[in-house]
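There are 2 protein chains.
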Amino acid sequence: MTATSDRDFSPAEHAELALLLEVAGTPKPGNVDRTHDLDDLRFEHFLAGSVGSRRGLQLAEEGARVGEAFEHGVAGMSQQRGGNTQFGCLLLLVTLVRAAASDDHELTPEGVTAVVESTTVADAADFYRAFEHVDVAVDDPPADAPDLDVRRGAGAIPTLEERGLTLADVMAMSEERDGNAREWTGGFARTFATAESILADDGPVLDRASRAFVDLLAEEPDTLVATQHGPEVAREVSRRAAEVQGDPEAVERLADEFVAEGLNPGTTADITAAALFVALERGLPV
Amino acid sequence: MTATSDRDFSPAEHAELALLLEVAGTPKPGNVDRTHDLDDLRFEHFLAGSVGSRRGLQLAEEGARVGEAFEHGVAGMSQQRGGNTQFGCLLLLVTLVRAAASDDHELTPEGVTAVVESTTVADAADFYRAFEHVDVAVDDPPADAPDLDVRRGAGAIPTLEERGLTLADVMAMSEERDGNAREWTGGFARTFATAESILADDGPVLDRASRAFVDLLAEEPDTLVATQHGPEVAREVSRRAAEVQGDPEAVERLADEFVAEGLNPGTTADITAAALFVALERGLPV
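Which chain is which? The protein sequence lines are Z and X, in order.
Taking the working numbering, the leading residue of the first sequence gets 1, the next gets one more, and so forth.
Taking the working numbering, the leading residue of the second sequence gets 1, the next gets one more, and so forth.
If you are wondering where the hints come from, they were derived from the structure by calculation, not from laboratory data.
Treat the numbers as computed from the prediction; the structure is a model and nothing was measured.
Some hints could be false.
What the hints assert, rightly or not - Some but not every residue of chain X turned toward chain Z, in silico, with C-beta under 7 Å:
| # | residue |
| --- | --- |
| 1 | Ser10 |
| 2 | Leu47 |
| 3 | Val51 |
| 4 | Leu199 |
| 5 | Asp202 |
| 6 | Val259 |
Backbone N, C-alpha and C define an ideal beta-carbon position, used for all residues, glycine too.
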């Protein structure tokens with residue numbers, strides 16, 4: 001048997017694998033995982049979403065603009081009947097892949113921030129176009145910026161151009177309400193911290209993914225839960241996650257409860273996937 | 001939401017998705033699936049194997065020689081610590097992808113047979129080289145051809161060249177002992193028949209994958225089980241599969257039994273993956 005190394009995977013391959021490991025990691029309370037489906041959103045939709053996402057991840061690896069890579073990734077991800085599976089994951093992953101694959105940047109908070117700061121109005125336009133591929137759960141836009149409602153899709157592009165807003169600017173406008181935008185504007189702080197926790201953990205990678213998810217959820221309210229159910233429910237979800245940390249059977253029970261209650265901490269899953277990517281790039285064995 | 005179609009996946013994307021749907025399909029008695037791991041061969045190894053396989057599947061789509069695509073697929077598939085996950089699947093899939101993607105062939109028994117018949121000595125050499133990437137469970141070579149033992153890897157290439165053996169010739173020499181070789185030499189008969197069964201079935205695709213696997217196993221002894229445990233055990237495994245056909249709870253019990261007894265019908269899983277690919281190409285919705 002020839003000696004081989006995980007390091008032989010490219011950033012785009014690691015990113016697709018991160019999507020798959022994230023959805024397979026179980027239990028991840030409230031989310032689709034290896035042993036849980038939701039009513040109309042099932043495990044196989046995430047498998048197909050991962051395969052389709054690869055197009056955009058590959059573009060990011062090859063040096064395409066972040067927005068272009070993202071829009072193509074979302075278009076590919078949407079080629080299944082479950083709807084939105086990995087929109088938020090992709091927003092984080094294309095940026096991280098771009099930093100990992102670039103000669104000019106490194107996969108560090110500074111490197112990925114440089115990628116964020118390099119985005120342009122064209123990237124912002126691509127981001128808005130991506131919303132036309134799939135329904136995404138979003139909050140209302142800021143009261144002073146109704147023209148920038150993402151639900152307008154490409155219809156918002158003239159406003160972006162008029163105001164000269166880059167994708168980094170758009171993310172900065174959402175950071176209060178969206179945990180993924182906060183990763184963008186804050187050097188992917190939770191992503192890199194969680195990657196180190198995953199590397200320092202032991203046991204099978206799917207167990208590590210589950211623990212990372214619960215720790216992230218206990219640490220900070222999930223912004224998708226806040227969007228769908230309000231901030232108090234999101235805080236309560238995090239309190240309940242904190243109560244079961246370190247107790248696998250209690251986590252399993254919480255998973256059944258959250259699914260039954262329709263509580264879906266999707267942003268926490270996005271950051272888990274991003275952290276798995278960084279961990280894979282830093283040598284996490286599979 | 002923009003209307004999209006599964007048909008937008010390319011053959012290489014469909015083939016990678018087929019690998020993922022195959023391993024996720026549960027219960028698949030004796031094999032790794034969404035709810036079963038073996039001791040040292042776990043679900044995540046198959047996820048990584050699927051991602052790594054894409055390199056070879058992409059080469060096949062782009063028109064590379066079947067052997068070249070196969071060897072690169074196996075090299076990528078082997079970038080995980082579980083060992084051999086999808087060697088047999090890839091042998092079938094690169095050939096089917098080549099037929100599906102080619103302007104000269106179609107994804108039919110005739111089209112794929114034309115791809116088989118186009119293989120050369122160089123493809124046979126690639127096939128032997130692929131055995132150097134990963135340990136594969138194989139039978140002893142024919143008594144009259146010890147120089148063609150696949151365990152010799154590239155060491156067998158001079159003999160292949162001397163005797164002018166193509167990959168189709170090598171498969172013909174193995175068809176008695178290997179169900180995948182029999183697909184190669186027989187127009188992928190079980191693959192195409194099972195694809196039609198999967199399309200005619202209903203319900204979630206992972207349930208269809210499980211039923212297709214059990215039906216294939218009940219129909220014909222698994223040649224990997226025969227290699228590892230002898231032909232009588234392989235026949236008994238098929239008899240036991242036939243007893244539980246159509247009874248999901250009994251299939252679930254059989255899955256636990258086969259895992260406990262170390263019975264791993266891997267060739268049947270290979271043909272299930274190949275059938276899922278053909279079904280996806282023919283419009284199976286995910």
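Structure-based check of each hint:
1. The interface hint given for Ser10 of chain X is broken, as the beta carbon of that residue sits about 9 Å from the closest beta carbon of chain Z, more than 7 Å.
2. Interface restraint check: Leu47 of chain X against chain Z, minimum CB-CB distance 4 Å, threshold 7 Å, status holds.
3. With 7 Å as the threshold, the beta carbon of Val51 of chain X comes within range of chain Z, its nearest partner Cβ sitting at about 5 Å, so the hint holds.
4. For Leu199 of chain X, the interface hint is violated, the least distance from its beta-carbon to any beta-carbon of chain Z being 16 Å, above 7 Å.
5. Because the smallest distance between the Cβ of Asp202 of chain X and any Cβ of chain Z comes to about 14 Å, over 7 Å, the interface hint for this residue is violated.
6. With a cut of 7 Å, the hint placing Val259 of chain X at the interface with chain Z is violated, because the nearest CB-to-CB distance is about 16 Å.
The structure does not agree with the numbered hints 1, 4, 5 and 6 stated previously, though it agrees with the rest.
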